Structure formats: structure tokens, C-alpha cells
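S.K.: Here's the letter readout for the chains.
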Amino acid sequence: METTTTGRGRSLWDHVVARRRLLIYLALLVAVVVTLLPFMWMLLGSFKTQGEILRDPAGFLPQHPTTENYGTWFTRLHLGRFFLNSLVVAVVTVVGNLLFCSMVGYALAKFDFAGKRLVFALVMITLMVPGVVTFVPLFVLVAKLGLTNTYAALILPFLTSPLGVFMMRQFIGGIPDALLEAARIDGAGELRIWARIVMPLCGPPLATLGILTFLGSWNNFLWPLVAAQTEDMYTLPVALSLYSTGQIATQYGLLLAGSVLVIAPIVLVFVFLQRYFTQGIATVGVR
Amino acid sequence: MSGRRTARPAGDGGRAAASGARRSLRRRQSVIAWTFALPFVVLFAWFTLIPLLSSFAMSFTDFRSADVQSPFAVDFVGLDQYVKLFQSTQFLRSLRTTGYFVVVGIPLTMGIALILAVALNSGITRFRVAFRTGFYTPVVTSIVAVAVVWRFILQQDGPLNAILGGLGISAPDWLNSTTWAMPAMIGLGAWRNMGTLMVIFLAGLQTIPAELTEAALTDGAGPVRRFTRITLPLMRPTLLFGAVLLSVWYLQFFEEPYVMTQGGPLDATLSVSYFAFKQFGFGNYAYASAASYVLFVAIALLSMVMFRGLRART
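In order, the protein sequence lines correspond to chains A and B.
With the first letter of the first sequence counted as 1, position 123 gets the number 123 in my numbering; the numbers rise by one all the way through.
With the first letter of the second sequence counted as 1, position 59 gets the number 59 in my numbering; the numbers rise by one all the way through.
Treat the hints with care, since some could be wrong.
Which chain A residues face chain B? A few, computed with CB under 10 Å, are given here [stated by the list, open to error]:
1) R20
2) V129
3) G131
4) W194
5) I197
6) M199
7) L255
Treat the hints as calculated values from the structure; they're not laboratory data.
Just so we're clear, the structure is a prediction, and the values are computed from it rather than from any experiment.
Note that beta-carbon positions come from the ideal geometry of N, C-alpha and C, so glycine has one too.
Produce the complete structure using the sequences and hints provided.
M.R.: Shown next as C-alpha cells:
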């Protein structure tokens with residue numbers, strides 16, 4: 001941003017700018033290291049033995065690195081099952097959201113119909129509803145439907161998102177009507193127009209919505225904690241949360257390895273697709 | 001939700017055929033639109049709207065977990081649950097705890113995020129994406145996983161206190177101190193949320209025209225003056241938007257104490273959400289619903305006030 005429009009003392013000015021820039025780099029470097037330090041501790045701690053952690057809780061580098069903690073997760077603690085549960089729930093939730101939000105988004109953006117304003121108003125109001133408000137009736141509802149401890153219980157409440165509807169409506173609203181009219185004149189049905197014209201144009205918001213939904217589902221733990229009641233239905237965060245207050249509460253190395261396993265897939269996805277994460281946040285401003 | 005009533009009665013000039021055709025087109029449009037909206041509307045009504053309304057209705061009854069099997073034993077009790085709430089010292093304390101988190105947490109998080117955004121926007125090009133990715137990483141990671149390492153870092157003889165001890169500061173046992181548990185929660189909250197705000201602020205900063213800053217530079221305005229006279233006023237809508245978002249999230253303050261302290265020590269970190277969740281756990285469904293509705297009203301009011309401010313100032 002610093003441009004030398006003044007003209008005089010250019011070399012001195014350049015020097016000042018360069019020094020300032022160096023300071024900014026240094027400050028940012030320190031800040032980013034501090035921000036990421038907990039993750040470093042997590043990663044390094046996961047390779048330590050229980051004895052080493054107890055002996056020197058403040059130690060940084062592992063003295064005798066071991067992968068035993070990870071081995072325990074894979075063999076004794078059914079990591080594969082938790083991972084599979086998390087993945088199934090997340091994938092179905094993402095597919096449902098992409099489909100349903102883009103359909104209703106199309107209706108809200110391109111059609112004039114009775115009840116349109118009401119649907120949109122209700123969607124916007126629920127953007128602000130805290131999770132605890134619907135928690136109790138949802139629990140009662142799921143119990144009454146006999147769905148407790150099933151995938152359906154883990155998925156159904158999250159198949160729609162007000163944020164997704166808002167995003168899709170905004171984006172589809174920007175698609176020119178002429179494009180849709182042209183297809184109608186060519187005799188295309190509405191379903192065909194949605195599938196062949198609208199959806200292919202919605203790449204960016206669908207990517208953002210898909211990633212945010214996946215992230216929310218993968219990290220969600222409060223509802224799954226209540227809805228999943230036997231170990232075979234636990235998702236990763238539920239398993240980690242229950243273990244960290246239960247049977248292995250004091251085995252820090254094991255818990256840290258579990259934490260690494262929970263966050264590693266997300267961090268990997270994030271690093272490669274981070275454009276979509278930050279774009280979504282910046283344009284819509286909601287997680 | 002009837003369409004015929006809202007449809008315009010007749011076309012201009014009263015040409016019946018044309019208006020009839022228009023009406024049938026409108027009806028066709030309605031049918032198509034509702035077909036597209038149907039899957040969403042059904043799921044949304046069933047799993048969001050109905051629970052939302054039942055929670056409201058429930059808060060005026062004496063519904064408990066035992067009543068799930070025998071709903072006829074439930075009685076209407078008017079405002080009793082709400083009266084009971086505001087007589088409960090534990091609930092009043094949870095209100096103060098949530099307020100503490102909001103009042104200290106929001107300026108802290110926004111301040112850090114703004115500093116990071118300004119630094120990232122100060123003309124540096126190399127490693128910019130890497131820095132941004134780094135600051136944003138806490139946002140995408142599971143709180144359950146992150147809590148494990150934070151509990152470890154914050155324990156009495158943990159890494160943080162070892163560092164502070166090295167600097168000659170005698171640090172508290174963060175999570176077991178009624179005084180220091182909340183500052184630890186606020187720190188964790190700021191760490192988890194600063195990335196989101198930073199990204200929003202960065203987007204806002206990029207809308208400030210470079211000519212303005214350059215003009216101020218030519219007039220000899222220093223960096224501080226440029227920041228307070230140009231950047232801040234132009235960023236006001238973005239800042240307010242960030243404040244609204246954060247207040248909606250921070251008023252729901254729950255996850256941090258749930259995974260770190262279980263609301264302790266001695267309820268020092270028991271928020272309103274947590275209070276409601278605990279009552280749900282005890283089977284006091286109606287009481288929990290009342291508490292959650294108090295929170296909902298607070299969130300709705302605060303965001304309404306802030307949005308009004310947002311609109312008035314822009």
C-alpha cells in the first residue's frame with residue numbers, strides 16, 4: 001500500500017518501507033507461531049509415552065518417539081468405526097444440503113409464489129436460534145420416532161441449513177433470467193433447467209456450502225453425543241470426548257494422538273481448499 | 001398461505017382472458033416453486049420449526065423427561081418456569097458469566113482480528129496466504145480435539161505456566177481457579193474465532209480505495225492518523241457486522257466450558273446455554289426450554305439493536 005508518490009527522498013523512503021515491512025513480517029511470524037503452538041504440542045505429545053508426559057509435562061520434543069498411541073487407537077479403540085460413522089454422517093449431510101438448499105434457493109430466487117416471503121422470513125429468523133433451544137424437543141422427537149442411536153438421528157436434523165438457503169438464493173438470483181427463458185422456449189422442463197443450467201453455474205457457492213457443511217458435521221459433537229448411545233454409533237469427536245472424560249482421561253499421549261486423528265483430515269482438506277473456506281466466510285460472514 | 005387471496009384481482013383494462021391466463025401462469029409457477037421447495041420445507045418444518053415452537057410451548061408447562069411416555073400428565077403452569085429461573089441464583093450467575101464472556105471476549109477477539117487483518121493488508125505479498133492459513137486453522141479444528149491439548153497446556157505444571165514461570169511470573173492453576181477459569185475460556189474463544197473475524201475484516205479492508213490512503217499519505221498523514229481517520233471510519237459497517245456475528249456466537253457460549261471445565265470450578269464457567277443443557281440432562285425439559293428461550297430473546301434483541309445501528313450508520 002505504501003507508494004512513493006511524494007517523489008523526494010526516494011531511497012530513504014524505500015529504506016523506511018523495507019524496515020517497516022521486515023518488522024511486520026517478524027510480528028506476523030511470532031503471532032502465527034504462537035497461534036499454531038497448541039497444534040505443535042498436540043503433534044509432538046502424541047509421540048510421547050505416558051511416562052515421559054508425566055515426568056516432564058512442559059517438555060516439547062519427545063525424548064523417545066513412539067507410535068504406540070496411534071497403534072492403540074487403530075487396534076484397541078475401534079478408530080475405523082468412528083471414522084466411518086463420521087464420514088457417512090458428513091457425506092450424507094453435505095449431499096442433502098447441496099440438493100435441498102439449491103432447490104429451495106432456485107424457487108426463492110426465480111419464482112413468484114404464495115408463501116415465498118414467509119418461507120424466507122422463517123429461514124432468516126432461524127439463523128439466530130441458539131442450538132440449545134431446539135435441543136430438547138428434537139431429542140423427544142427422535143425418541144418418539146424410534147430413531148435414537150441410528151444414522152438417521154445423527155443426520156436428519158442437519159439436512160437443511162438456513163445459511164445454505166440464503167447463500168444459494170443470493171447466488172441464483174444473480175443468474176440472468178434470459179438464460180432460463182431461452183431454455184424454456186426451447187422446451188426444457190423446470191427440473192431440466194435446474195439440473196442442466198442452474199446447478200452447473202452454482203459451482204462456487206456449492207463448493208463453499210459443501211465445505212462449510214462438511215466442516216460443521218465433522219466437528220459437531222453435542223447432538224451426536226446425545227443421539228449416539230452405543231459405541232458403534234459414535235462419531236470421532238463423540239468418541240474422543242467420552243474417552244477424554246472417561247476411561248483414558250489421564251492418558252494424555254493417547255488423547256493427543258486421538259486429537260491429531262480427529263483434526264488431521266480437516267486440516268488437510270483445509271490447506272488444499274482454503275480458498276473456499278475463506279471465500280465463504282468473507283462473502284456470507286457466517287460459519 | 002393461500003395464493004388466490006394475494007393474487008391481483010384483474011388486469012388493467014379488465015381483459016378477462018389475459019388476466020385468466022396470467023392467473024393460471026401464476027398458479028403454475030406456484031406449483032413448480034413449491035415442488036422445488038418441498039423437500040427443504042418438510043425437513044425444515046419437522047426438525048427446526050416444530051422443535052422451535054414446541055420448545056416455546058413446553059416452557060409454559062411442567063414437562064419432564066418422564067412425561068415423554070405419558071404426555072397427558074403435563075400441566076400448563078403459565079410463567080412459573082420463568083419465575084423460577086429468575087429466582088435461581090445459579091441461573092442469575094450463568095447470566096453474569098455469559099455477559100462476562102461477551103463483554104470481554106468481543107472487544108478482545110475483534111481487536112486481535114483487526115490487528116492481524118491490517119498487518120496482512122499492509123502491502124506484504126510473500127507468505128500472505130501461509131499466514132492467513134495459519135491464523136485461520138483454529139477455526140476449522142474440532143473443539144473436542146483442541147480442548148485435549150489446551151487442558152494439557154493450561155494445567156498447573158503445564159507448558160504455559162512453565163513459560164510464565166521462566167519469565168518470573170507465578171501463574172495460577174487456570175482451570176481450577178474460580179477467578180482464572182473464565183479468562184482462560186475467553187482466551188480460548190478468542191483463539192478459536194479470531195480467524196473468522198480476520199477474514200471478514202480483510203475483505204472489508206480490501207474495499208477501501210487505495211487512492212484515499214495515498215492521498216492521505218501525500219498530505220503527510222502518519223500511519224496512526226491514516227488508520228483512525230480513514231481505515232476505521234470506512235471499516236465501520238464491517239466492524240459492526242463482525243460485532244453482531246460474534247455476539248450471536250458468544251451469547252451461546254457453551255462448548256469451551258463443556259470440554260474444558262464442565263462448567264466448574266463451582267459454576268464459575270457455567271453459561272446460560274450450559275445451564276439449559278444441564279437441566280435437560282436432569283430431565284427438567286420445561287425448565288431447560290425456558291432458560292434457552294431467555295437466551296434466544298437476548299440474542300434476538302441484541303442483534304436487532306445492532307443491526308439497527310448498522311443500518312443507521314451506513
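S.K.: Is the shortest C-beta separation between L255(A) and chain B less than 10 Å?
M.R.: holds, 5 Å
S.K.: Let's test the interface hint: is any C-beta of chain B closer than 10 Å to that of M199(A)?
M.R.: violated, 12 Å
S.K.: Under the criterion of a CB-CB separation shorter than 10 Å, is I197(A) in contact with chain B as hinted?
M.R.: violated, 14 Å
S.K.: Under 10 Å is the threshold here; is the Cβ of G131(A) close enough to any Cβ of chain B for the hint to stand?
M.R.: Cβ of G131(A) sits 7 Å from chain B, so the hint holds.
S.K.: Quick one, is the W194(A) hint okay against chain B at 10 Å, beta carbons?
M.R.: holds, 7 Å
S.K.: Would the hint on R20(A) stand, with a C-beta cut-off of 10 Å toward chain B?
M.R.: holds, 8 Å
S.K.: Could you check if V129(A) really has its C-beta closer than 10 Å to a C-beta on chain B?
M.R.: holds, 6 Å
In summary, the structure is inconsistent with hints 5, 6 from the numbered list given earlier, while agreeing with the others.
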